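Chemist: Start counting the sequence shown at 1; every next residue gets the next number (this note's numbering).
There's no promise every hint is true.
[Said to hold, decoys possible] Computed cross-link-like contacts, DSBU-like style, restricted to lysine-lysine with a CA-CA straight-line distance of at most 30 Å:
| # | residue 1 | residue 2 |
| --- | --- | --- |
| 1 | Lys150 | Lys255 |
| 2 | Lys281 | Lys28 |
| 3 | Lys104 | Lys83 |
| 4 | Lys260 | Lys28 |
| 5 | Lys77 | Lys218 |
| 6 | Lys28 | Lys116 |
| 7 | Lys271 | Lys260 |
| 8 | Lys255 | Lys80 |
[Unchecked claim] Across the chosen pairs, the derived CB separations fall in these ranges:
| # | residue 1 | residue 2 | range |
| --- | --- | --- | --- |
| 9 | Ala200 | Thr39 | 25 to 33 Å |
| 10 | Glu190 | Pro14 | 54 to 62 Å |
| 11 | Arg259 | Asp26 | 24 to 32 Å |
| 12 | Arg259 | Ser46 | 48 to 56 Å |
| 13 | Glu53 | Leu33 | 24 to 32 Å |
| 14 | Lys17 | Lys116 | 17 to 25 Å |
| 15 | Thr39 | Glu190 | 31 to 39 Å |
| 16 | Leu33 | Ser257 | 19 to 27 Å |
| 17 | Arg259 | Glu190 | 24 to 32 Å |
Think of the hints as simulated: they come from the structure by calculation, not from any bench. No experiment lies behind these values; they were computed from the predicted model shown. Every residue gets a Cβ at the ideal spot worked out from N, C-alpha and C, and that includes glycine.
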Amino acid sequence: MQTALRWDPRVLEPVFKELYSLAMKDKKDFIPLLYNVTTSNKLMESYEGIGGEGLMEEWSRSNNQVYYEDIDELWQKIIKNRKFSDGRIIERDFIDDLQLTEIKRRIASLADSVYKTQQLQAVEFLVNAFSAVGPNWRGRNESYLGPDGKPLCAADHPYSPENSTDVQSNLGDKPLTIDSWDETAVAMQEWVDDKGNTMAVIPDTLIVAPYNARAAFKIAGLPDSELPKYEPGSNNFDANMYMGNIKVIVDTFIKASHRKNWFAADSARMKEFNIWQWRRKVENGTMTDFDTEATKHKAIGRWGYGFTNYSFIYGHNVQ
1 MQTALRWDPR VLEPVFKELY SLAMKDKKDF IPLLYNVTTS NKLMESYEGI
51 GGEGLMEEWS RSNNQVYYED IDELWQKIIK NRKFSDGRII ERDFIDDLQL
101 TEIKRRIASL ADSVYKTQQL QAVEFLVNAF SAVGPNWRGR NESYLGPDGK
151 PLCAADHPYS PENSTDVQSN LGDKPLTIDS WDETAVAMQE WVDDKGNTMA
201 VIPDTLIVAP YNARAAFKIA GLPDSELPKY EPGSNNFDAN MYMGNIKVIV
251 DTFIKASHRK NWFAADSARM KEFNIWQWRR KVENGTMTDF DTEATKHKAI
301 GRWGYGFTNY SFIYGHNVQ
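Can you make the complete structure from the sequences, with help from the hints?
Modeler: This is the structure we're talking about:
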(Lines of atoms letter the chains of each structure in order from A and count residues from 1; the text may use other names and numbers.)
(Lines give C-alpha, C1' and ligand atoms only; values in the text may rest on other atoms or scores of the structure.)
Protein backbone atom coordinates (compact mmCIF):
# COMPACT_ATOMS: atom_id res chain seq x y z
CA MET A 1 0.00 0.00 0.00
CA GLN A 2 2.85 2.39 0.81
CA THR A 3 4.37 2.04 -2.64
CA ALA A 4 1.23 1.51 -4.74
CA LEU A 5 -1.17 4.07 -3.27
CA ARG A 6 -1.71 7.02 -5.58
CA TRP A 7 -4.36 9.53 -6.56
CA ASP A 8 -6.26 7.31 -8.96
CA PRO A 9 -9.82 6.05 -8.28
CA ARG A 10 -8.92 2.71 -9.86
CA VAL A 11 -6.27 2.31 -7.17
CA LEU A 12 -8.07 3.95 -4.26
CA GLU A 13 -11.37 2.07 -4.50
CA PRO A 14 -10.03 -1.48 -4.03
CA VAL A 15 -7.77 -0.26 -1.21
CA PHE A 16 -10.66 1.46 0.58
CA LYS A 17 -12.90 -1.57 0.06
CA GLU A 18 -10.28 -3.83 1.58
CA LEU A 19 -9.89 -1.52 4.59
CA TYR A 20 -13.67 -1.48 4.96
CA SER A 21 -13.85 -5.27 4.79
CA LEU A 22 -11.10 -5.67 7.40
CA ALA A 23 -12.88 -3.25 9.73
CA MET A 24 -16.09 -5.28 9.41
CA LYS A 25 -14.36 -8.59 10.10
CA ASP A 26 -15.19 -10.37 13.36
CA LYS A 27 -17.94 -7.94 14.39
CA LYS A 28 -20.76 -9.90 16.02
CA ASP A 29 -23.93 -9.78 13.95
CA PHE A 30 -27.12 -10.18 15.98
CA ILE A 31 -29.44 -9.96 12.98
CA PRO A 32 -29.34 -13.68 12.05
CA LEU A 33 -29.99 -14.54 15.70
CA LEU A 34 -33.11 -12.38 15.96
CA TYR A 35 -34.65 -12.35 12.48
CA ASN A 36 -35.81 -14.34 9.53
CA VAL A 37 -33.31 -12.88 7.06
CA THR A 38 -34.76 -12.81 3.54
CA THR A 39 -34.20 -11.20 0.17
CA SER A 40 -36.62 -8.63 -1.24
CA ASN A 41 -36.96 -7.63 -4.87
CA LYS A 42 -39.60 -4.92 -4.54
CA LEU A 43 -40.10 -1.52 -2.96
CA MET A 44 -42.03 -3.19 -0.17
CA GLU A 45 -43.11 -6.66 0.85
CA SER A 46 -46.57 -7.68 2.04
CA TYR A 47 -46.95 -10.43 4.62
CA GLU A 48 -50.42 -11.90 4.95
CA GLY A 49 -51.29 -13.14 8.41
CA ILE A 50 -53.03 -16.49 8.54
CA GLY A 51 -54.93 -18.02 11.43
CA GLY A 52 -54.73 -21.39 13.10
CA GLU A 53 -54.58 -24.50 10.96
CA GLY A 54 -57.31 -26.29 12.88
CA LEU A 55 -57.23 -30.00 13.70
CA MET A 56 -57.80 -33.23 11.81
CA GLU A 57 -61.30 -34.75 11.75
CA GLU A 58 -62.33 -38.37 12.12
CA TRP A 59 -63.01 -40.02 8.77
CA SER A 60 -66.52 -41.18 9.64
CA ARG A 61 -67.49 -37.70 10.80
CA SER A 62 -66.44 -36.11 7.53
CA ASN A 63 -68.76 -38.27 5.41
CA ASN A 64 -65.93 -40.74 4.68
CA GLN A 65 -63.98 -38.18 2.69
CA VAL A 66 -61.17 -35.73 3.26
CA TYR A 67 -62.09 -33.03 5.72
CA TYR A 68 -61.17 -29.53 4.50
CA GLU A 69 -61.05 -26.67 6.96
CA ASP A 70 -60.82 -22.98 6.13
CA ILE A 71 -57.91 -20.98 7.46
CA ASP A 72 -58.93 -17.45 8.36
CA GLU A 73 -56.98 -14.35 7.42
CA LEU A 74 -55.37 -12.33 10.18
CA TRP A 75 -53.67 -8.95 9.83
CA GLN A 76 -51.58 -7.83 6.90
CA LYS A 77 -48.10 -6.41 7.49
CA ILE A 78 -46.26 -4.31 4.92
CA ILE A 79 -42.52 -3.81 5.36
CA LYS A 80 -41.06 -1.06 3.20
CA ASN A 81 -37.44 -1.10 2.13
CA ARG A 82 -35.71 2.13 3.06
CA LYS A 83 -32.45 3.53 1.74
CA PHE A 84 -29.55 4.31 4.10
CA SER A 85 -26.18 5.91 3.47
CA ASP A 86 -23.02 7.30 5.02
CA GLY A 87 -19.68 8.40 3.65
CA ARG A 88 -16.20 9.70 4.38
CA ILE A 89 -14.08 12.33 2.62
CA ILE A 90 -10.34 11.84 2.27
CA GLU A 91 -8.23 14.72 0.97
CA ARG A 92 -5.66 14.14 -1.73
CA ASP A 93 -2.91 15.35 0.61
CA PHE A 94 -3.56 12.27 2.78
CA ILE A 95 -2.84 10.12 -0.25
CA ASP A 96 0.20 12.05 -1.43
CA ASP A 97 1.70 12.15 2.07
CA LEU A 98 0.77 8.51 2.78
CA GLN A 99 -1.07 9.37 5.98
CA LEU A 100 -2.06 5.74 6.27
CA THR A 101 -3.27 5.81 9.87
CA GLU A 102 -5.71 8.63 9.18
CA ILE A 103 -6.94 7.00 5.97
CA LYS A 104 -7.50 3.71 7.76
CA ARG A 105 -9.24 5.45 10.68
CA ARG A 106 -11.74 7.20 8.40
CA ILE A 107 -12.61 4.06 6.47
CA ALA A 108 -12.88 2.04 9.70
CA SER A 109 -15.21 4.66 11.15
CA LEU A 110 -17.44 4.27 8.11
CA ALA A 111 -17.58 0.52 8.66
CA ASP A 112 -18.39 1.09 12.33
CA SER A 113 -21.20 3.46 11.34
CA VAL A 114 -22.78 0.85 9.06
CA TYR A 115 -22.40 -1.90 11.63
CA LYS A 116 -23.82 0.09 14.54
CA THR A 117 -26.70 1.40 12.44
CA GLN A 118 -27.85 -2.10 11.53
CA GLN A 119 -27.38 -3.51 15.02
CA LEU A 120 -29.27 -0.63 16.64
CA GLN A 121 -32.05 -1.07 14.10
CA ALA A 122 -32.10 -4.79 14.89
CA VAL A 123 -32.96 -4.16 18.56
CA GLU A 124 -35.64 -1.54 17.95
CA PHE A 125 -38.32 -4.24 18.28
CA LEU A 126 -37.00 -4.95 21.79
CA VAL A 127 -36.31 -1.39 22.91
CA ASN A 128 -39.78 -0.32 21.77
CA ALA A 129 -41.56 -3.58 22.57
CA PHE A 130 -43.84 -1.96 25.13
CA SER A 131 -44.62 1.32 23.34
CA ALA A 132 -46.80 2.43 20.46
CA VAL A 133 -44.26 5.11 19.56
CA GLY A 134 -40.56 5.14 20.36
CA PRO A 135 -37.10 6.25 19.22
CA ASN A 136 -35.44 4.67 16.22
CA TRP A 137 -31.69 4.17 15.79
CA ARG A 138 -31.25 7.94 15.28
CA GLY A 139 -33.49 8.94 18.18
CA ARG A 140 -36.40 9.99 15.97
CA ASN A 141 -39.81 8.73 17.02
CA GLU A 142 -41.55 6.13 14.88
CA SER A 143 -44.60 3.91 15.30
CA TYR A 144 -43.90 0.42 16.61
CA LEU A 145 -47.42 -0.92 16.66
CA GLY A 146 -47.84 -4.43 15.33
CA PRO A 147 -50.31 -5.55 12.68
CA ASP A 148 -53.00 -6.07 15.36
CA GLY A 149 -52.72 -2.44 16.46
CA LYS A 150 -50.89 -3.28 19.68
CA PRO A 151 -47.25 -2.93 20.76
CA LEU A 152 -45.20 -6.09 20.33
CA CYS A 153 -45.64 -6.92 24.03
CA ALA A 154 -49.12 -6.07 25.28
CA ALA A 155 -51.70 -7.42 27.69
CA ASP A 156 -54.56 -7.40 25.19
CA HIS A 157 -53.63 -8.94 21.84
CA PRO A 158 -56.94 -9.82 20.12
CA TYR A 159 -57.43 -13.32 18.75
CA SER A 160 -58.26 -12.10 15.25
CA PRO A 161 -59.59 -9.11 13.31
CA GLU A 162 -63.10 -10.55 13.77
CA ASN A 163 -62.66 -11.36 17.45
CA SER A 164 -61.32 -8.49 19.54
CA THR A 165 -63.20 -9.61 22.64
CA ASP A 166 -60.94 -12.55 23.42
CA VAL A 167 -57.40 -11.41 24.15
CA GLN A 168 -54.18 -12.80 25.55
CA SER A 169 -51.06 -11.27 27.04
CA ASN A 170 -47.33 -11.41 26.35
CA LEU A 171 -46.50 -8.61 28.78
CA GLY A 172 -44.93 -8.89 32.22
CA ASP A 173 -43.03 -6.73 34.68
CA LYS A 174 -41.05 -9.18 36.80
CA PRO A 175 -37.26 -9.17 37.27
CA LEU A 176 -35.42 -12.09 35.73
CA THR A 177 -35.32 -15.11 38.03
CA ILE A 178 -35.82 -18.80 37.43
CA ASP A 179 -39.33 -18.45 38.90
CA SER A 180 -40.30 -15.60 36.57
CA TRP A 181 -38.83 -17.51 33.62
CA ASP A 182 -40.83 -20.57 34.63
CA GLU A 183 -44.05 -18.58 34.92
CA THR A 184 -43.42 -16.92 31.56
CA ALA A 185 -42.58 -20.17 29.79
CA VAL A 186 -45.78 -21.76 31.08
CA ALA A 187 -47.87 -18.77 29.99
CA MET A 188 -46.42 -18.93 26.46
CA GLN A 189 -47.16 -22.63 26.18
CA GLU A 190 -50.78 -21.93 27.11
CA TRP A 191 -51.34 -19.44 24.28
CA VAL A 192 -54.07 -20.37 21.80
CA ASP A 193 -54.71 -19.39 18.21
CA ASP A 194 -57.78 -17.75 16.72
CA LYS A 195 -59.60 -21.10 16.74
CA GLY A 196 -58.89 -21.65 20.43
CA ASN A 197 -56.33 -24.41 19.83
CA THR A 198 -52.89 -24.36 21.43
CA MET A 199 -50.22 -22.55 19.41
CA ALA A 200 -47.59 -25.09 20.50
CA VAL A 201 -45.13 -22.34 21.43
CA ILE A 202 -41.77 -23.58 22.74
CA PRO A 203 -39.88 -20.85 24.65
CA ASP A 204 -36.24 -21.83 24.13
CA THR A 205 -34.44 -18.49 23.96
CA LEU A 206 -33.72 -15.84 26.58
CA ILE A 207 -32.82 -12.36 25.28
CA VAL A 208 -31.19 -9.92 27.70
CA ALA A 209 -29.00 -6.85 27.92
CA PRO A 210 -25.56 -7.29 29.53
CA TYR A 211 -27.06 -6.27 32.89
CA ASN A 212 -29.00 -9.54 33.05
CA ALA A 213 -26.36 -11.80 31.51
CA ARG A 214 -25.34 -13.32 34.84
CA ALA A 215 -28.92 -14.08 35.85
CA ALA A 216 -29.65 -15.50 32.38
CA PHE A 217 -26.74 -17.95 32.42
CA LYS A 218 -27.59 -19.04 35.95
CA ILE A 219 -30.93 -20.19 34.55
CA ALA A 220 -29.74 -21.53 31.20
CA GLY A 221 -26.28 -22.77 32.16
CA LEU A 222 -23.03 -21.99 30.38
CA PRO A 223 -22.52 -23.37 26.86
CA ASP A 224 -20.40 -26.53 26.73
CA SER A 225 -20.08 -26.62 30.49
CA GLU A 226 -20.57 -29.55 32.86
CA LEU A 227 -21.64 -27.49 35.87
CA PRO A 228 -23.95 -29.02 38.48
CA LYS A 229 -27.50 -28.62 37.21
CA TYR A 230 -29.09 -27.06 40.29
CA GLU A 231 -31.58 -24.24 40.42
CA PRO A 232 -29.89 -20.90 41.15
CA GLY A 233 -30.34 -19.92 44.80
CA SER A 234 -31.70 -23.33 45.79
CA ASN A 235 -30.72 -24.56 49.24
CA ASN A 236 -32.20 -27.98 48.54
CA PHE A 237 -30.12 -28.78 45.44
CA ASP A 238 -33.27 -28.79 43.29
CA ALA A 239 -32.58 -29.88 39.73
CA ASN A 240 -32.66 -27.08 37.14
CA MET A 241 -34.85 -28.45 34.35
CA TYR A 242 -33.93 -25.53 32.08
CA MET A 243 -30.16 -25.86 32.17
CA GLY A 244 -28.89 -26.84 28.75
CA ASN A 245 -32.31 -26.31 27.13
CA ILE A 246 -32.28 -22.53 26.78
CA LYS A 247 -30.19 -20.40 24.44
CA VAL A 248 -29.12 -17.02 25.81
CA ILE A 249 -28.66 -13.98 23.56
CA VAL A 250 -26.87 -11.12 25.32
CA ASP A 251 -27.41 -8.19 22.99
CA THR A 252 -24.99 -5.37 23.78
CA PHE A 253 -27.01 -2.92 21.70
CA ILE A 254 -30.01 -2.84 24.04
CA LYS A 255 -29.98 0.61 25.62
CA ALA A 256 -28.84 0.99 29.21
CA SER A 257 -32.19 2.60 30.03
CA HIS A 258 -33.78 -0.78 29.19
CA ARG A 259 -31.11 -2.90 30.88
CA LYS A 260 -33.47 -4.71 33.26
CA ASN A 261 -35.94 -5.78 30.57
CA TRP A 262 -35.81 -9.34 29.32
CA PHE A 263 -37.58 -11.47 26.75
CA ALA A 264 -38.50 -15.13 26.35
CA ALA A 265 -38.77 -16.28 22.75
CA ASP A 266 -39.59 -19.28 20.62
CA SER A 267 -36.64 -19.27 18.20
CA ALA A 268 -38.50 -21.09 15.41
CA ARG A 269 -41.43 -18.69 15.54
CA MET A 270 -39.06 -15.72 15.83
CA LYS A 271 -37.41 -16.80 12.58
CA GLU A 272 -40.90 -16.94 11.04
CA PHE A 273 -42.49 -13.73 12.29
CA ASN A 274 -39.58 -11.32 12.79
CA ILE A 275 -38.46 -10.19 9.34
CA TRP A 276 -35.26 -8.58 8.10
CA GLN A 277 -35.35 -8.18 4.34
CA TRP A 278 -32.38 -7.16 2.19
CA ARG A 279 -33.29 -5.23 -0.93
CA ARG A 280 -29.72 -4.15 -1.58
CA LYS A 281 -26.94 -5.12 0.79
CA VAL A 282 -24.51 -2.36 1.65
CA GLU A 283 -22.22 -1.46 -1.22
CA ASN A 284 -19.22 0.83 -0.85
CA GLY A 285 -17.47 2.74 -3.60
CA THR A 286 -15.17 5.66 -4.34
CA MET A 287 -15.15 8.74 -6.54
CA THR A 288 -12.68 11.64 -6.79
CA ASP A 289 -13.65 15.27 -7.10
CA PHE A 290 -11.72 17.38 -9.63
CA ASP A 291 -12.33 20.77 -8.01
CA THR A 292 -11.79 19.95 -4.33
CA GLU A 293 -9.15 17.24 -4.76
CA ALA A 294 -10.98 15.02 -2.31
CA THR A 295 -12.01 11.43 -2.67
CA LYS A 296 -15.36 10.32 -1.36
CA HIS A 297 -16.00 6.80 -0.13
CA LYS A 298 -19.65 5.91 0.36
CA ALA A 299 -21.70 3.08 1.82
CA ILE A 300 -25.28 2.71 0.59
CA GLY A 301 -27.90 0.00 1.06
CA ARG A 302 -31.62 -0.68 1.15
CA TRP A 303 -33.45 -2.92 3.58
CA GLY A 304 -36.50 -3.19 5.79
CA TYR A 305 -37.42 -4.90 9.05
CA GLY A 306 -40.44 -5.55 11.25
CA PHE A 307 -42.54 -8.21 12.95
CA THR A 308 -45.67 -9.76 11.48
CA ASN A 309 -47.09 -11.40 14.62
CA TYR A 310 -46.45 -11.07 18.34
CA SER A 311 -46.63 -14.76 19.23
CA PHE A 312 -42.89 -15.48 19.19
CA ILE A 313 -42.01 -13.45 22.27
CA TYR A 314 -42.97 -12.53 25.82
CA GLY A 315 -41.44 -9.37 27.27
CA HIS A 316 -40.94 -8.09 30.79
CA ASN A 317 -40.79 -4.32 31.23
CA VAL A 318 -38.93 -4.09 34.53
CA GLN A 319 -38.77 -0.74 36.33
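Chemist: Now, for every hint given, state plainly whether the structure supports it.
Modeler: Okay, the hints, checked on the actual structure:
| no. | hint | in the structure |
| --- | --- | --- |
| 1 | Lys150 - Lys255 | holds (22 Å) |
| 2 | Lys281 - Lys28 | holds (17 Å) |
| 3 | Lys104 - Lys83 | holds (26 Å) |
| 4 | Lys260 - Lys28 | holds (22 Å) |
| 5 | Lys77 - Lys218 | violated (37 Å) |
| 6 | Lys28 - Lys116 | holds (11 Å) |
| 7 | Lys271 - Lys260 | holds (24 Å) |
| 8 | Lys255 - Lys80 | holds (25 Å) |
| 9 | Ala200 - Thr39: 25 to 33 Å | holds (29 Å) |
| 10 | Glu190 - Pro14: 54 to 62 Å | holds (57 Å) |
| 11 | Arg259 - Asp26: 24 to 32 Å | holds (25 Å) |
| 12 | Arg259 - Ser46: 48 to 56 Å | violated (36 Å) |
| 13 | Glu53 - Leu33: 24 to 32 Å | holds (27 Å) |
| 14 | Lys17 - Lys116: 17 to 25 Å | holds (20 Å) |
| 15 | Thr39 - Glu190: 31 to 39 Å | holds (36 Å) |
| 16 | Leu33 - Ser257: 19 to 27 Å | holds (22 Å) |
| 17 | Arg259 - Glu190: 24 to 32 Å | holds (29 Å) |
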